[in-house]
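Here is what each chain is made of, one letter per residue.
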Amino acid sequence: MYVTLKLALVSTVVLMVLAAPISYFLAYTRFPGKSFIEALIYLPMALPPTVIGFYLIILMGPKGWIGSLWEKFTGGSLLFTFLGIAIASVIYSIPFAVQPMKAAFAKIDRRLLENAYILGLSKRATFLRVIIPNSFGGIAAAAILVFLHSIGAFGVLLMVGGSIPGETKVASIAIYEAVEMMNYRTAGLIALSFIPISYAFLLLINKLSDGPRA
Amino acid sequence: MTVSASFRKKLRYFDVDISLECRSGKMMVLIGPSGGGKTTIIRMLAGLEKPDEGSLCFGNDIWFDSLRRINVKPQKRRLGYVFQDYNLFPHLNLFDNAAFAAADKKEVHALFELFRIDHLKKRKPHMVSGGERQRCAICQALARHPRLLLLDEPFSALDVVTRRGLREEIKSLKGKLSCPIIYVTHDINEALFLADEILPVVDGKADYGWMQRTITREPGEGTPTRGAREPRLSLVY
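Heads up: the protein sequence lines correspond to chains A and B, in order. No gaps in the numbering here: position 203 of the first sequence is 203 in this note's numbering, and each next residue is one more. No gaps in the numbering here: position 54 of the second sequence is 268 in this note's numbering, and each next residue is one more.
Note that these hints are calculated values from the structure, not bench results. Here the structure is a predicted model, which is why all the values come from computation and not from measurement. Virtual Cβ for every residue (Gly too), placed ideally from N, Cα, C. Watch out, some of these pointers could steer you wrong.
To be verified - Stretch by stretch, here's where chain A covers chain B in the computed footprint (C-beta under 8 Å, at least three residues):
no.	segment
1	245 to 252
2	282 to 289
Stated by the list, open to error - Using 20 Å as the maximum straight-line C-alpha spacing, the simulated EDC-like pairs for lysine to aspartate or glutamate come out as follows:
no.	chain 1	residue 1	chain 2	residue 2
3	A	K6	A	E167
4	B	K338	A	D109
5	B	K336	B	E321
6	A	K123	B	E321
7	B	K224	B	D266
8	A	K107	B	D299
9	B	K264	A	E114
10	B	K290	A	E114
11	B	K224	B	D421
Generate the whole structure from the sequences, applying the supplied hints.
And the structure:
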């Protein structure tokens, strides 16, 4: 469970930082080909995890451009490492961060932004001082969704990271292996631990989306 | 200081083509029917919309010049802009809203006392009345020490009594400010009460006959003259 929680936490933090500017860009700009870029960002949601895993193996393997570059600088491999599954988890969960954040940003009244500009705020300062505080519900929902999605990831992580205890063996893989070995008691205990965590986070999402603004 | 502008902008149903000039300490009221281009003009003055052609100068500073491709951002114009719907930040309390871009927070306290909302400093905008929100929006605009104050139908969402009270406050405030003030309204009483100069705007163009035509439609009422005070008109309420 330690690797699972560590992975979910890393994915959530990385995606919150990464998805915020992407979501802002998608919510507030218009340009030709925007829908193509948006569809590309949401693609991991529509693809089978094994397909994503396959392409990540190709990219992060010793002959892939990310893998070879990594090997050139560090001398190590990305596959079957925690860093490798963290990258895979981030790519796999990116739509779950961008979609609620973009919706929250787009919902903000444009006149508030105009007032911020009139009051002398740059676009960046407006983002930090007006958009972010008024999108708290959407941002929190994105963080929770990413966290839950990362906890439950299986196919992508198995392909990219394998099952190395303490390094890449996440809870979902541990359940799979326990069932394979007919060890239903262990599988049941790990599976049971998912239910309260997931339920509590979903309750939190509901509360955040129902709660009053400001 | 004087703000002087000459704008042309193509809109969907008509073209805005207007020139105006307003000196420090004076209030120019843009009046006209709804949808006549008044808000577009004030937004162009603020830099929130770009004219197709024209120029806008504040004293010796050029804020917009289509020929020289100058368009100073709203952030750099140091304006006060009171919007029709207040546009206060919902995540901040009234004091933090007013102090958002204030040079000196002590002044914000003084403004809150002047507008009699100092007991509401800690309240969020949704917890106070429309009139109190509008007072806070005026404090927010003034706390920035604006070089030009723009008010876009600031009282249109308020009830008649609150509106009359705030109108008085704006009038007394006018004497204390040393910047040009541009005020947009479709209420002739308000215009006559507040204005040093009135610019009637119909379909994006100056139409000085509009007020006369509108007022004379009302039987039994006199014709107001420019700069008239306390007119007895009941056209809008």
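20 Å Cα cutoff - pair K336 (chain B), E321 (chain B): 17 Å, holds
Taking only the CA atoms, is the gap from K264 (chain B) to E114 (chain A) under or equal to 20 Å? 14 Å, holds
Are there three or more residues in the segment 245 to 252 of chain B whose C-beta lies closer than 8 Å to some C-beta of chain A? Check failed, 0 qualifying residues.
Within 20 Å, alpha carbon to alpha carbon, are K107 (chain A) and D299 (chain B)? Holds, at roughly 17 Å.
With the threshold set at 20 Å, check whether the alpha-carbon distance from K290 (chain B) to E114 (chain A) stays at or below it. 13 Å, holds
Are 3 or more residues of the segment 282 to 289 of chain B near chain A, judged by a Cβ distance of less than 8 Å? holds (count 3)
So if I understand the rule, the pair passes when the alpha-carbon distance is 20 Å or less; does K6 (chain A) with E167 (chain A) pass? Answer holds: K6 (chain A) to E167 (chain A) is near 10 Å, not above 20 Å.
Next pair to validate is K338 (chain B) with D109 (chain A); report whether the Cα-Cα distance is within 20 Å. Roughly 17 Å between the alpha carbons, so the hint for K338 (chain B) and D109 (chain A) holds.
CA of K123 (chain A) to CA of E321 (chain B), is that 20 Å or under? 26 Å, violated
Below or equal to 20 Å on CA atoms is what counts here, so check K224 (chain B) against D266 (chain B). Status holds; Cα separation ~7 Å.
Pairwise hint evaluation, D421 (chain B) against K224 (chain B), where the allowed Cα distance is 20 Å at most: 18 Å, holds
The structure does not agree with the numbered hints 1, 6 stated previously, though it agrees with the rest.
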